[in-house]
Amino acid sequence: MIRTEELLLNVGPQHPSTHGVFRIIVKLDGEVITEATPVMGYLHRGTEKIAENLNFTQIIPYTDRMDYVSAMTNNYVLVHAVETMMGLEVPLRAEFLRLIVMELQRIASHLVWWGTYLLDIGAMSPFLYAFRDREMIIDLFNELCGARLTYNYMRVGGVKWDAPPGWMDKVRDFIPYMEGKLQEYDKLVSGNEIFLARIKGVGQYDAATAIDYGLSGANLRCTGVDWDIRKAEPYSLYSRFEFDVPLGKNGDCYDRYRIRLEEIRQSLRILKQALQQFPEGGETMGKVPRAIRPPVGEVYVRIESPRGEIGCHIVSKGKAEPYRLKFRRPSFVNLQILPKLLVGETMTNLITILGGIDIVVGEVDC
Amino acid sequence: MGPWLNEAMTWGNALILFLWAVVFLFIVLGFVTYAIFFERKVIGWMQLRIGPNRVGPFGMLQTVADIFKLLIKEDTIPRKADRVLFILAPALAYIPAFSVLAVIPYTQKLYFADLNVGLLYYVALSGLSTLGIVLGGWASNNKYALLGGMRSAAQMISYEVPLVISVVGVILLSGSLNLRVIVEAQSGGWFWNWNFIPQIIGFAIFIIAAVSELNRTPFDLPEAESELVAGYHVEYSGFRFAFFMLSEYVYVYAIAALTTVLFLGGWNAPAPFLDFVPGMIWFLLKFTFIVFSLFWIRATFPRIRVDQLMGLGWKVLLPVSLLNVFLTAVYLELFIK
Amino acid sequence: MTDEQKNREKALTDIGNEQNAEREAKLKAAAEARAARAAAKEKAEAEAAEAALAEPPKPPSPKQPELDALVALLKEQINDSVIEDAYVNELNSDMPTIIVNHTYWREAAQLLKEHEGLQFNYLRNVSGVDYETHMEVVYHLVSLASKREAAVKVKTDRKEAAVYSVTPIWATANWNEREIYDLLGINFPGHPDMRRIMMPDEWVGHPLRKDYEPLDSEV
Numbered sequence: 001m002i003r004t005e006e007l008l009l010n011v012g013p014q015h016p017s018t019h020g021v022f023r024i025i026v027k028l029d030g031e032v033i034t035e036a037t038p039v040m041g042y043l044h045r046g047t048e049k050i051a052e053n054l055n056f057t058q059i060i061p062y063t064d065r066m067d068y069v070s071a072m073t074n075n076y077v078l079v080h081a082v083e084t085m086m087g088l089e090v091p092l093r094a095e096f097l098r099l100i101v102m103e104l105q106r107i108a109s110h111l112v113w114w115g116t117y118l119l120d121i122g123a124m125s126p127f128l129y130a131f132r133d134r135e136m137i138i139d140l141f142n143e144l145c146g147a148r149l150t151y152n153y154m155r156v157g158g159v160k161w162d163a164p165p166g167w168m169d170k171v172r173d174f175i176p177y178m179e180g181k182l183q184e185y186d187k188l189v190s191g192n193e194i195f196l197a198r199i200k201g202v203g204q205y206d207a208a209t210a211i212d213y214g215l216s217g218a219n220l221r222c223t224g225v226d227w228d229i230r231k232a233e234p235y236s237l238y239s240r241f242e243f244d245v246p247l248g249k250n251g252d253c254y255d256r257y258r259i260r261l262e263e264i265r266q267s268l269r270i271l272k273q274a275l276q277q278f279p280e281g282g283e284t285m286g287k288v289p290r291a292i293r294p295p296v297g298e299v300y301v302r303i304e305s306p307r308g309e310i311g312c313h314i315v316s317k318g319k320a321e322p323y324r325l326k327f328r329r330p331s332f333v334n335l336q337i338l339p340k341l342l343v344g345e346t347m348t349n350l351i352t353i354l355g356g357i358d359i360v361v362g363e364v365d366c
Numbered sequence: 001m002g003p004w005l006n007e008a009m010t011w012g013n014a015l016i017l018f019l020w021a022v023v024f025l026f027i028v029l030g031f032v033t034y035a036i037f038f039e040r041k042v043i044g045w046m047q048l049r050i051g052p053n054r055v056g057p058f059g060m061l062q063t064v065a066d067i068f069k070l071l072i073k074e075d076t077i078p079r080k081a082d083r084v085l086f087i088l089a090p091a092l093a094y095i096p097a098f099s100v101l102a103v104i105p106y107t108q109k110l111y112f113a114d115l116n117v118g119l120l121y122y123v124a125l126s127g128l129s130t131l132g133i134v135l136g137g138w139a140s141n142n143k144y145a146l147l148g149g150m151r152s153a154a155q156m157i158s159y160e161v162p163l164v165i166s167v168v169g170v171i172l173l174s175g176s177l178n179l180r181v182i183v184e185a186q187s188g189g190w191f192w193n194w195n196f197i198p199q200i201i202g203f204a205i206f207i208i209a210a211v212s213e214l215n216r217t218p219f220d221l222p223e224a225e226s227e228l229v230a231g232y233h234v235e236y237s238g239f240r241f242a243f244f245m246l247s248e249y250v251y252v253y254a255i256a257a258l259t260t261v262l263f264l265g266g267w268n269a270p271a272p273f274l275d276f277v278p279g280m281i282w283f284l285l286k287f288t289f290i291v292f293s294l295f296w297i298r299a300t301f302p303r304i305r306v307d308q309l310m311g312l313g314w315k316v317l318l319p320v321s322l323l324n325v326f327l328t329a330v331y332l333e334l335f336i337k
Numbered sequence: 001m002t003d004e005q006k007n008r009e010k011a012l013t014d015i016g017n018e019q020n021a022e023r024e025a026k027l028k029a030a031a032e033a034r035a036a037r038a039a040a041k042e043k044a045e046a047e048a049a050e051a052a053l054a055e056p057p058k059p060p061s062p063k064q065p066e067l068d069a070l071v072a073l074l075k076e077q078i079n080d081s082v083i084e085d086a087y088v089n090e091l092n093s094d095m096p097t098i099i100v101n102h103t104y105w106r107e108a109a110q111l112l113k114e115h116e117g118l119q120f121n122y123l124r125n126v127s128g129v130d131y132e133t134h135m136e137v138v139y140h141l142v143s144l145a146s147k148r149e150a151a152v153k154v155k156t157d158r159k160e161a162a163v164y165s166v167t168p169i170w171a172t173a174n175w176n177e178r179e180i181y182d183l184l185g186i187n188f189p190g191h192p193d194m195r196r197i198m199m200p201d202e203w204v205g206h207p208l209r210k211d212y213e214p215l216d217s218e219v
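Residue numbers (our numbering), protein chains in the order written: chain C, 1 to 366; chain X, 1 to 337; chain L, 1 to 219.
There could be a bad hint or two in this list.
Only pairs whose alpha carbons sit at most 20 Å apart, straight line, appear in this in silico SDA-like list of lysine to any residue [said to hold, decoys possible]:
#1 C:LYS187 to C:LYS200
#2 C:LYS181 to C:GLU135
#3 L:LYS153 to C:LYS181
#4 L:LYS210 to C:ILE194
#5 C:LYS200 to X:MET310
#6 C:LYS49 to L:THR103
#7 C:LYS187 to X:MET46
#8 L:LYS75 to L:LEU111
#9 C:LYS200 to X:ASP307
#10 C:LYS49 to L:ASP201
#11 X:LYS80 to X:GLU184
#12 X:LYS315 to C:ILE194
#13 X:LYS143 to C:GLU5
#14 C:LYS249 to C:ASP212
#15 C:LYS340 to C:GLU321
#16 L:LYS210 to C:GLY318
#17 C:LYS27 to X:VAL229
#18 C:LYS287 to C:ARG45
#19 C:LYS49 to L:GLU213
#20 L:LYS210 to C:GLY282
#21 C:LYS200 to X:GLY311
These are computed hints drawn from the structure, not numbers from a lab.
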């Protein structure tokens, strides 16, 4: 008999495919994982603690840095929570601008996911194609609010900047461009035999498990659960637009892949309608008291970020600063299922599954 | 070069042979330098990038600068590594890579060794490089390196088998293991006399197995950077790392040359009226095409999984290559004899 | 052990005791101040409540019947004292909110999830709040089938704060509860893996508590 032993392998915190400083301790029997323990907190900045000493406008830039791939939706969930508490009216033009940037952000975020996921699976080129197209959205944002990643664009009661002249036309031009590129993506990648063999049937779970683990976004919808907060509990102006919620059947990485690509299409559809209905003129800031002091009480609001349900729980004591601010971060909650999925999989599938969940470590650790 | 190789081995001749080997080494190094440059450029263009363009005209000296950097870099050996093996491994990976080049004939006149078991020599020696990789992975005393080394061993052993069997058809057709004879058997004036058409199954298997032997995408599991960080050479730096890279690219050279010789008719022109072009040019054209294809594959394919790799090797490639041998034998028996 | 060593150890213990005494005194002072503050606050709140009573009553919320049914069901199935308080949170688009007695929290959670009429199968969010007088864990539930929502609160003491874990009921709670334990120091008996999650394992204190002293108060 040859003496054999399990190999304890530290994947991360510095590892090319954990998408940031995330660490998983895996026990390997050969290449098969027998136990996986995620370790996080390397990017914990104490956003919630810091926020207790800041007023709400000052917290907005901190939300940018949570999910830095999708800062616009994070902005929105905070200002939306405060507006709900104070019962503020947001001017229609501002709300449209918010919706347009959020949908653009969803496309940008899914593009980053698409590119990096294929990079994880070993295909190099799609990464650069995805970033080429994301760059166009980033440029649009840059023109709108002067930042490429951490926008700090929304304010309680409206948005900071109106769209510069010609900006809407650029968004309009972007839609057909992106539709063409999506077809190209499908042709290039979606039918690749090796790619399909890598992701079909990998990381499978059923609807009951997904609900039990509180998964959201594509991770929930890949099991066929029809739950998109934009449709189920419409916020902002989403009830005005027609769009479909793509659903999966098998709950595997392939379904998640298909859903995210389809969501880009649906976002383009929403954008098209939003541009048609975009009001001429109007304010971009509503009537907001000089000092933003939500009344005593608490609120929990949730919206659909590209990664799933992002929520904001504010407890206010009537001060300018929140008494307690808690973010429900989709990456953090979705990641919980990882140790369960990994048992019995190979090292290679670890990367496929982790990538398929789509996490941003800034948001996991908050 | 033939008669000259057969002369008696005097001290003078040995010196000349040695000098030839040195010249050849520099040619290979030159190839590797510009293959890397070419690869970066080609993949750059495919990925809408420019590629290296800063050092020297068109970035031609980029790789030279990179190699120079590797040479002057601090040589680190992990404290817990197995020192002797760690130092030995890169050399062990490189020596067979360079030695297999000896049997490749470039033109009718230009070849370095006229071995009557040339193909066997090639296959036998190229298998040794695995040893270097496994040793490197083991000696680094790093878990990622170990996994990479083990994957490499499994992969190389699995793909060596179909690789060898896929060329049996070629051997049957030409009746020799000597690479020069194999090329000459393909000369008939037209390109359909080349082995890749009568041996189309063998050719396909050979290409797949060859890419796998090279550890290149989509079979680059031993160094899968997104899973195993860099696989077996994760602990290597400086010149030792350069040796691993060097042997990888020398194998690119060797496989491209071998494919040209075995399946693409070596130095033969594709049509009789093109005979006025020197054979060396034809060889280089075919050779460059294969090298380009390897880079092309790298830019377009994702990576395959370990179990799928093994499944493909043992369950698909091996039976099909055996079938190919059988079909070729039947064909020879019925129509040629 | 030599005498010298013994002496040294004794000296060390003495110093430790002194430090402990100092810390205790500080803690006591802080607690008194907190109690005073809380009392003042309660008084103010009571006054405000009186003022509110004087105003004409608002029309009842559309969610009021939903809340009443929920409360009635819980009381009927478990115990009369299971609900400590129940109200409609008007700030949060009329979210029905109940405060569940800690003793019955496990049964209540089970019922909330599994009762046919409720089916709160999706746990959206778990957050802990330090109210200085007590700790509170807030669960935001939703039923994916009926889209009904509810917020459930469980109160616990600040000292030796503990709330029964609902990880066996909703797997979502797992890391959320660990996070609350890590940042607020609320223990969750019944949790399968109660460890710190964000802060290093050897960290002292729970940063989101209101009386937490940062390592460097300047930051």
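Outcome of the hint check:
Pair hint C:LYS187 plus C:LYS200 holds up; C-alpha atoms about 18 Å apart against a cutoff of 20 Å. Distance hint between C:LYS181 and C:GLU135 is fulfilled; the C-alpha atoms sit about 13 Å from each other, no more than 20 Å. In summary, the hint linking L:LYS153 to C:LYS181 is not supported, as the alpha carbons are separated by about 48 Å, beyond the 20 Å threshold. Distance check on the hinted pair: L:LYS210 and C:ILE194 sit about 54 Å apart at the alpha-carbon level, beyond 20 Å; violated.
Restraint check: the Cα-Cα separation between C:LYS200 and X:MET310 comes to about 18 Å, which is no more than 20 Å; the hinted pair holds. Annotation: proposed proximity of C:LYS49 to L:THR103 is violated, straight-line Cα distance about 30 Å (limit 20 Å). A distance of roughly 16 Å separates the Cα atoms of C:LYS187 and X:MET46; the hinted pair therefore holds under the 20 Å criterion. Restraint check for L:LYS75 and L:LEU111: the C-alpha separation of about 11 Å stays at or below 20 Å, so the hint holds.
Between C:LYS200 and X:ASP307 the CA atoms are separated by roughly 14 Å; this keeps the pair inside 20 Å, and the hint holds. For the hint linking C:LYS49 to L:ASP201, the alpha-carbon distance of about 19 Å falls within 20 Å, and the restraint holds. At most 20 Å may separate the alpha-carbon atoms for a hinted pair to count; X:LYS80 and X:GLU184 exceed this at roughly 53 Å. Restraint check for X:LYS315 and C:ILE194: satisfied, since their Cα atoms lie roughly 16 Å apart, inside the 20 Å limit.
Of the supplied pair hints, the one linking X:LYS143 and C:GLU5 holds, its CA atoms being roughly 13 Å apart against a limit of 20 Å. Of the supplied pair hints, the one linking C:LYS249 and C:ASP212 holds, its CA atoms being roughly 17 Å apart against a limit of 20 Å. At most 20 Å may separate the alpha-carbon atoms for a hinted pair to count; C:LYS340 and C:GLU321 exceed this at roughly 39 Å. Among the hinted pairs, L:LYS210 with C:GLY318 is consistent with the structure: their alpha-carbon atoms are about 17 Å apart, no more than 20 Å.
Restraint check for C:LYS27 and X:VAL229: the C-alpha separation of about 17 Å stays at or below 20 Å, so the hint holds. A distance of roughly 33 Å separates the Cα atoms of C:LYS287 and C:ARG45; the hinted pair therefore is violated under the 20 Å criterion. For a cut-off of 20 Å, the pair hint linking C:LYS49 to L:GLU213 stands: about 12 Å separates their Cα positions. Taken as a hint, the L:LYS210 and C:GLY282 pair is broken in the structure, with Cα atoms around 43 Å apart against an allowance of 20 Å.
The suggested pairing of C:LYS200 with X:GLY311 holds, with an alpha-carbon distance near 16 Å, which does not exceed 20 Å.
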